[in-house]
Amino acid sequence: MKSYRKELWVVVPEMQGVKDLTDEIRECVEASGVKEGLCLVNVMNVPSSIFINRDDWDIHKEFFMWLEEIAPHDPNKKAETKDVEEHFADVHFKRTVLGRDVTIAITKGELDLGTWEQILYFEFDGKRRKHVLVKIIGE
Amino acid sequence: MKSYRKELWVVVPEMQGVKDLTDEIRECVEASGVKEGLCLVNVMNVPSSIFINRDDWDIHKEFFMWLEEIAPHDPNKKAETKDVEEHFADVHFKRTVLGRDVTIAITKGELDLGTWEQILYFEFDGKRRKHVLVKIIGE
Amino acid sequence: MKSYRKELWVVVPEMQGVKDLTDEIRECVEASGVKEGLCLVNVMNVPSSIFINRDDWDIHKEFFMWLEEIAPHDPNKKAETKDVEEHFADVHFKRTVLGRDVTIAITKGELDLGTWEQILYFEFDGKRRKHVLVKIIGE
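Taken in order, these protein sequences are the chains called A, B and C. Numbers in our numbering are just positions in the first sequence, counted from 1, shifted up by 425. Numbers in our numbering are just positions in the second sequence, counted from 1, shifted up by 425. Numbers in our numbering are just positions in the third sequence, counted from 1, shifted up by 425.
Extracted from the complex, chain A is given alone in its bound form:
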């Protein structure tokens, strides 16, 4: 069995934003030499998501608007005020709806995604460097 690990670094210049990581993860799959296996992609920082969808700003904007409706920003609700950097509670809720990680099949050495599927990083507390873990196992 082969295994491969890489941390990707992501900076989103605004507080909220999206970055398509599909090409970088394809490079990881190629570097891993794995032909058949599984690829786990997860954020390592709490206030962001890994999420599979079409990479289209029209739909990304709709997502941010909808998340604001179901988990509105409330400046009085700080989720953490002690030994970590402050995040507001709504940031936790928003990232939870989209999710922390995705698992993708690797088939014949390639990411086995649907035609319109892209691996997206969604940021809810940007302007800082974040990291994303790519872990691949297989043969």
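No lab work stands behind these hints, which were simulated from the structure alone. Please note that the accuracy of each hint is not assured.
To be verified - Partial list, derived from the structure: chain C residues whose beta carbon lies under 10 Å from chain A:
| no. | residue |
| --- | --- |
| 1 | Glu461 |
| 2 | Ile477 |
| 3 | Asp483 |
| 4 | Phe488 |
| 5 | Trp491 |
| 6 | Glu542 |
What the hints assert, rightly or not - Simulated pairs of lysine-lysine, DSSO-like, Cα-Cα distance not exceeding 27 Å:
| no. | chain 1 | residue 1 | chain 2 | residue 2 |
| --- | --- | --- | --- | --- |
| 7 | C | Lys460 | A | Lys427 |
| 8 | C | Lys502 | B | Lys444 |
| 9 | C | Lys460 | C | Lys431 |
| 10 | B | Lys431 | C | Lys427 |
What the hints assert, rightly or not - Residues of chain A placed beyond 10 Å of chain C at every Cβ, according to the derived structure:
| no. | residue |
| --- | --- |
| 11 | Lys444 |
| 12 | Asp445 |
| 13 | Lys486 |
| 14 | Glu487 |
| 15 | Met490 |
| 16 | Glu493 |
| 17 | Pro500 |
| 18 | Leu538 |
| 19 | Gly539 |
Think of the CB as a built atom: it goes at the ideal place given N, C-alpha and C, for glycine as much as any other residue.
Since the structure of chain A is already known, use the hints to place chains B and C on it.
Quick look at chains B and C alone, frame taken from chain A:
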């Protein structure tokens, strides 16, 4: 290490509906010959979900009603109007709450599910053929 | 390839509560002997979640309050009234938002988590013994 891949085809005759895929996925596990491993099941089309729950129409109906409350259909919000078939934004939100994929353990050659757990396909934009990926790795 | 399976038993004395399972899962990883691989953790009972976040009661409380807002308890909505123990529909919705399972990388024999990430069990229908599956594969 063994690996196995199959695409299941699903047609839900209404716009919204549920199909229990557990038996088909059990057949994949058997065909794979894998005794100990992991089974990834994911939709390959955006407007649907793979979701583990009890297969009971009373609760499915409650889910569709609740999803309509938190992500109501708005005919003015088309998420994609360009080179892909049109989906309304609410379809994206609904499928995101339930999720795109599940990973299930395989133990002694069988899906390692809880007593009431079934692997369900939830459709939010039906009447068309969709595909679901089953990927198994293990030994 | 090595594989390892363990069921953890959890009792939350209140109807809603959180238990940090990170240490117990670390012990599973050690017992498995797997140095590079994947660790799947999933609930086997419907009305609970496995969820990765900081283990902090301030944020847990915010989560329970927010989930009550988007999926309020309605004593008239029983999701199951037949051959299983009764759950109210809102319990299904709440646990769905947080999720049923997580997959975590194992690197150099350890859970490959971000600095603040803990593996949490969220209970929405407590006072009873529940079980959580830990499945590890790798080498």
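These are the hints, each one checked on the structure:
no.	hint	in the structure
1	Glu461	holds, 4 Å
2	Ile477	holds, 6 Å
3	Asp483	holds, 7 Å
4	Phe488	holds, 7 Å
5	Trp491	holds, 5 Å
6	Glu542	holds, 7 Å
7	Lys460(C) x Lys427(A)	holds, 12 Å
8	Lys502(C) x Lys444(B)	holds, 23 Å
9	Lys460(C) x Lys431(C)	holds, 17 Å
10	Lys431(B) x Lys427(C)	holds, 24 Å
11	Lys444	holds, 18 Å
12	Asp445	holds, 21 Å
13	Lys486	holds, 21 Å
14	Glu487	holds, 18 Å
15	Met490	holds, 16 Å
16	Glu493	holds, 13 Å
17	Pro500	holds, 14 Å
18	Leu538	holds, 17 Å
19	Gly539	holds, 20 Å
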